[in-house]
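Q: Sequence:
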Amino acid sequence: VVAMAALNRTETRGAHTRLDYPKRDDENWLKHTMIQRGADGEPQFSYIPVVITKWPPTERKY
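Residue numbers (this note's numbering): 4 to 65.
Bear in mind the hints are in silico, worked out from the structure with no lab data behind them. It cannot be assumed that every hint is accurate.
[As the list claims (entries may be wrong)] Derived BS3-like pairs: lysine-lysine, alpha-carbon spacing no greater than 25 Å straight-line:
(1) K64 / K34
(2) K64 / K26
(3) K57 / K26
(4) K34 / K57
[Unchecked claim] Label-pair ranges, simulated between beta-carbon atoms:
(5) G44 / K64: 37 to 45 Å
(6) V5 / R63: 14 to 22 Å
(7) D23 / T56: 28 to 36 Å
(8) T61 / A8: 18 to 26 Å
(9) R40 / T61: 29 to 37 Å
Bear in mind the structure is a predicted one, so any value in this text is a computation, not a measurement. Where is the CB? At the ideal position from N, CA and C, for every residue including glycine.
Generate coordinates for the entire structure from the input sequences, incorporating the hints supplied.
A: Printed below as a string of structure tokens:
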């Protein structure tokens with residue numbers, strides 16, 4: 004399920020690195036991925052916005 008959620012995102016975020024989408028995309032993907040089983044048994048994705056309460060996201064620098 005975690006891998007499915009990571010592959011569903013068209014970005015790189017944290018440990019979920021994608022060579023085809025090497026950058027983080029906060030404009031479209033700053034949200035929580037929720038997955039539940041549908042009536043047909045297949046996973047259904049929904050999303051909840053992230054609420055920033057203290058620190059806005061910044062680019063990681065290594």
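Q: Hints numbered earlier in the text: which of these fail when held up against the supplied structure?
A: none
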